[in-house]
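Go ahead and model the full structure; you've got the sequences and the hints to work with.
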Amino acid sequence: MENRDLVIIGGGPAGLAAAIEAKKNGVEDILLIERDSHLGGVLQQCIHNGFGLHIFKEELTGPEYAERFINELKSMNIEVMLETMVIELTSQKKITAVSKKYGLIEIQARAVILAMGCRERTRGAINIPGTRPAGIFTAGTAQRYVNIEGFMPGKEIVILGSGDIGLIMARRLTLEGAHVKCVVEIMPYSNGLTRNIVQCLNDFDIPLLLSHTVINIHGKKRIEGVTIAKVDESLRPIPGTERYISCDTLLLSVGLIPENELSKMAGIKIDSVTGGPIVNQRMETTVEGIFACGNVCHVHDLVDFVTQEAQLAGKGAAQYLKSEKPSSQRMVKVDVGEGLRYVLPQIISPELMVSDKQNFFMRSIAPMSKARLMITSNNGVIKTQTLRFVKPSEMINIVLKKEELLEPNIEFLRFTLREEGDGYGDE
Amino acid sequence: MEMNKEVICIVCPRGCHIDVKLVDGKVANISGNVCQRGKTYAEAEVTNPKRVLTTTVSIIDNGNQKRLPVRTKEPIPKNLLMKAMKELKNVTVKPPVKMGDVVYKNIAGSGVDVIASKSWE
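Protein chains in written order, with numbering that gives the first Met the number 0: chain F, 0 to 426; chain R, 0 to 120.
Calculated directly from the structure, the hints in this document are not laboratory data.
The model shown is predicted, which means the values in this text are computed figures rather than measured ones.
We put the beta carbon where it would ideally sit given N, CA and C, even for glycine.
Worth double-checking, as some hints may not be accurate.
To be verified - Calculated cross-link-like contacts (lysine-lysine; reagent style BS3-like; alpha-carbon spacing at most 27 Å):
id: 1; chain 1: R; residue 1: 72; chain 2: R; residue 2: 49
id: 2; chain 1: F; residue 1: 180; chain 2: R; residue 2: 85
id: 3; chain 1: F; residue 1: 154; chain 2: R; residue 2: 85
id: 4; chain 1: R; residue 1: 77; chain 2: F; residue 2: 180
id: 5; chain 1: F; residue 1: 180; chain 2: R; residue 2: 88
id: 6; chain 1: F; residue 1: 100; chain 2: R; residue 2: 65
id: 7; chain 1: F; residue 1: 73; chain 2: R; residue 2: 65
id: 8; chain 1: R; residue 1: 82; chain 2: F; residue 2: 154
id: 9; chain 1: F; residue 1: 73; chain 2: R; residue 2: 49
id: 10; chain 1: F; residue 1: 332; chain 2: F; residue 2: 263
id: 11; chain 1: R; residue 1: 25; chain 2: R; residue 2: 38
id: 12; chain 1: F; residue 1: 382; chain 2: F; residue 2: 93
Said to hold, decoys possible - Have a look at the derived ranges for each label pair, beta carbon to beta carbon:
id: 13; chain 1: F; residue 1: 263; chain 2: R; residue 2: 78; range: 49 to 55 Å
id: 14; chain 1: F; residue 1: 70; chain 2: R; residue 2: 86; range: 28 to 34 Å
id: 15; chain 1: F; residue 1: 97; chain 2: R; residue 2: 43; range: 49 to 55 Å
id: 16; chain 1: F; residue 1: 70; chain 2: R; residue 2: 13; range: 33 to 39 Å
id: 17; chain 1: R; residue 1: 27; chain 2: F; residue 2: 238; range: 46 to 52 Å
id: 18; chain 1: R; residue 1: 101; chain 2: F; residue 2: 263; range: 44 to 50 Å
id: 19; chain 1: F; residue 1: 95; chain 2: R; residue 2: 78; range: 53 to 59 Å
id: 20; chain 1: R; residue 1: 46; chain 2: F; residue 2: 379; range: 51 to 57 Å
id: 21; chain 1: F; residue 1: 76; chain 2: R; residue 2: 26; range: 55 to 61 Å
id: 22; chain 1: F; residue 1: 76; chain 2: R; residue 2: 18; range: 53 to 59 Å
id: 23; chain 1: R; residue 1: 97; chain 2: F; residue 2: 203; range: 30 to 36 Å
id: 24; chain 1: R; residue 1: 43; chain 2: F; residue 2: 70; range: 32 to 38 Å
id: 25; chain 1: F; residue 1: 175; chain 2: R; residue 2: 43; range: 25 to 31 Å
id: 26; chain 1: F; residue 1: 95; chain 2: R; residue 2: 36; range: 51 to 57 Å
What the hints assert, rightly or not - Covered, in the sense of this in silico footprint (three residues per stretch, anywhere, with C-beta under 8 Å from a C-beta of chain R), are these stretches of chain F:
id: 27; segment: 37–48
id: 28; segment: 56–63
id: 29; segment: 143–155
id: 30; segment: 195–203
Written out as structure tokens, the structure reads:
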């Protein structure tokens, strides 16, 4: 059994930033474990640009964004194990991992940062009827085939779901010579960023069919086509609106699930809305000394926020390793009010904040052109802020100052988001 | 000749739908934008829209053909995207390559170089 101060599970953007930040904050003994053959995670296949607008103020591609962090990590001599898969994590922070190179490894860590990211929802998650032929891929799998392995998944393509990966792949496959027939979205609005609708669909005249879904899949060996239909307000197909579209490939871009098998094994409490661990002000889970950050906590739309969150987890782990006392200070519960789907972190101990500011990440339940975000406690209103063009697909980031949270008898924080009339009066 | 074109602005998340009126190919009127940045964006979109092209080229690694991610150093005119893809089809790079190295010069006659998005040892 090996002993380590800090083990980070996952070498994507979250794991990289967490490792670097922990080292900067005085943690010397760090081991980062990555199951793939390279660092950078999904960024290595996200060859499009638009990463880093918040952190670097420039538009980088995924590999470029990753390389900046990989270079920094290497310059700090942080130990990395590649092609090594963690298969067990206990609440006592004992880790079991396997790898071709190192065999079976057992490590006792003093602190752990979970940075395993997320995986894509598949056909099984959304129960599309029909046959089960080849040619149905998640958009991210197709992205890996095209951008890393150099294979095309097909030529005549239908995409279900207008999440960002689906939109990006619509453009990517078109550039590579495929015919993307349409993007089908069950909701009356797109789940992707506006810039992606414009630059990935409109640029190439790819139709986006809102309030439509795939209701049948045809073909025996290989997919031959899909039946799509319009849906009503309760998302049920409307009889009479069915339409057959021939295709040899169906891509699914229908959402992401945080990857929390290890977290559950360690007895960490999972938030049923985010699908990730419940975390406190320093990204610590309900198991003391185990931290989590990035898409393992909740699915992000921008990598910049993953990095920020991971830096907080890295600082938090360093703080924990210095004192290693349980957070016995009072715990303020974060309450999700109307208009919001979730707020992260879910618990705050104001006295133990790692800096004088606290980031709160949240998502709205519906698009609103103008909305008022209100943060209240048992003592009354702490902060209000007007937000414009709120969309469920674009995460809201609010910063509260430490002094705003240090009221003596604070018991809870409630976040609410209410729609307001638009000042422009033209909508 | 008069023509109307609609542009969805991507400068900020508001996403204004901007109407651009063209007379004989020249911008005569812009409406629907809330700010000046939207006007500038819409004008460029209608007269000379540009995009950064990101794609991959072949790279030889231990005898295996793999893909090296690349991008245009600057945005290129949108109507050159497919031509640029064609030119890059037969490009093969030999490592080592450093992020930012030029792998192809003056893509599609645009005057813009294509650079590696990733280092490869």
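Each hint, compared with the structure:
1. At roughly 12 Å between alpha-carbon atoms, residue 72 of chain R and residue 49 of chain R fall within 27 Å of each other, so this suggested pair holds.
2. At roughly 21 Å between alpha-carbon atoms, residue 180 of chain F and residue 85 of chain R fall within 27 Å of each other, so this suggested pair holds.
3. Distance restraint check for residue 154 of chain F and residue 85 of chain R: the Cα-Cα separation of roughly 17 Å lies within the 27 Å cut-off, and the hinted pair is therefore satisfied.
4. Taking the CA atoms of residue 77 of chain R and residue 180 of chain F, the gap is about 21 Å. The hint holds against a cut of 27 Å.
5. Using a Cα cut-off of 27 Å, the hinted pair residue 180 of chain F and residue 88 of chain R holds, with the two alpha carbons roughly 23 Å apart.
6. Among the hinted pairs, residue 100 of chain F with residue 65 of chain R is consistent with the structure: their alpha-carbon atoms are about 23 Å apart, no more than 27 Å.
7. Between residue 73 of chain F and residue 65 of chain R, the direct Cα distance comes to roughly 24 Å. Compliance with the 27 Å bound is thereby established for this hinted pair.
8. The hinted pair formed by residue 82 of chain R and residue 154 of chain F meets the criterion: a straight-line CA distance of about 19 Å does not exceed 27 Å.
9. Restraint check for residue 73 of chain F and residue 49 of chain R: the C-alpha separation of about 36 Å exceeds 27 Å, so the hint is violated.
10. With a C-alpha separation of about 22 Å, the suggested pair residue 332 of chain F and residue 263 of chain F falls inside the 27 Å cut-off, and the hint holds.
11. Note on residue 25 of chain R and residue 38 of chain R: the hinted pairing holds, with a Cα-Cα distance of about 14 Å set against a maximum of 27 Å.
12. The suggested pairing of residue 382 of chain F with residue 93 of chain F is violated, with an alpha-carbon distance near 42 Å, which exceeds 27 Å.
13. At roughly 52 Å, the beta-carbon separation of residue 263 of chain F and residue 78 of chain R lies within the given 49 to 55 Å, and the hint holds.
14. For the hinted restraint 28 to 34 Å between residue 70 of chain F and residue 86 of chain R, the CB-CB distance of approximately 30 Å keeps it satisfied.
15. Our hint of 49 to 55 Å for residue 97 of chain F and residue 43 of chain R holds, since their Cβ atoms are close to 54 Å apart.
16. For the pair residue 70 of chain F and residue 13 of chain R, the beta carbons lie near 36 Å from each other, so the given range of 33 to 39 Å is met.
17. For residue 27 of chain R and residue 238 of chain F, the Cβ-Cβ distance of about 47 Å falls inside the hinted range of 46 to 52 Å, so the restraint holds.
18. For the pair residue 101 of chain R and residue 263 of chain F, the supplied restraint of 44 to 50 Å holds, since their beta-carbon distance comes to about 48 Å.
19. Between residue 95 of chain F and residue 78 of chain R the beta carbons are some 56 Å apart, a value that agrees with the proposed interval 53 to 59 Å.
20. Distance hint check for residue 46 of chain R and residue 379 of chain F: the Cβ-Cβ separation is about 54 Å, which falls inside the suggested range of 51 to 57 Å.
21. The given range of 55 to 61 Å is respected by residue 76 of chain F and residue 26 of chain R, whose C-beta atoms sit roughly 57 Å from each other.
22. For residue 76 of chain F and residue 18 of chain R, the Cβ-Cβ distance of about 57 Å falls inside the hinted range of 53 to 59 Å, so the restraint holds.
23. Against the hinted window of 30 to 36 Å, the Cβ-Cβ separation of residue 97 of chain R and residue 203 of chain F comes to about 32 Å, which satisfies the hint.
24. Range check, residue 43 of chain R to residue 70 of chain F: Cβ separation about 34 Å, and the 32 to 38 Å hint holds.
25. For the hinted restraint 25 to 31 Å between residue 175 of chain F and residue 43 of chain R, the CB-CB distance of approximately 27 Å keeps it satisfied.
26. Between residue 95 of chain F and residue 36 of chain R the Cβ separation comes to about 54 Å, which falls inside the hinted range of 51 to 57 Å.
27. Coverage of the segment 37–48 of chain F by chain R holds. Counting CB-CB distances below 8 Å, 4 residues qualify, and the rule asks for three or more.
28. Restraint check on the segment 56–63 of chain F versus chain R: 5 residues with Cβ-Cβ distances below 8 Å, three needed, restraint holds.
29. Counting residues of the segment 143–155 of chain F whose C-beta sits closer than 8 Å to any C-beta of chain R gives 5, which meets the bar of three, so the coverage hint holds.
30. Given as covered by chain R, the segment 195–203 of chain F passes the check, having 5 residues with a CB less than 8 Å from a CB of that chain where 3 are the minimum.
Comparing the model with each numbered hint stated earlier shows that hints 9 and 12 do not hold.
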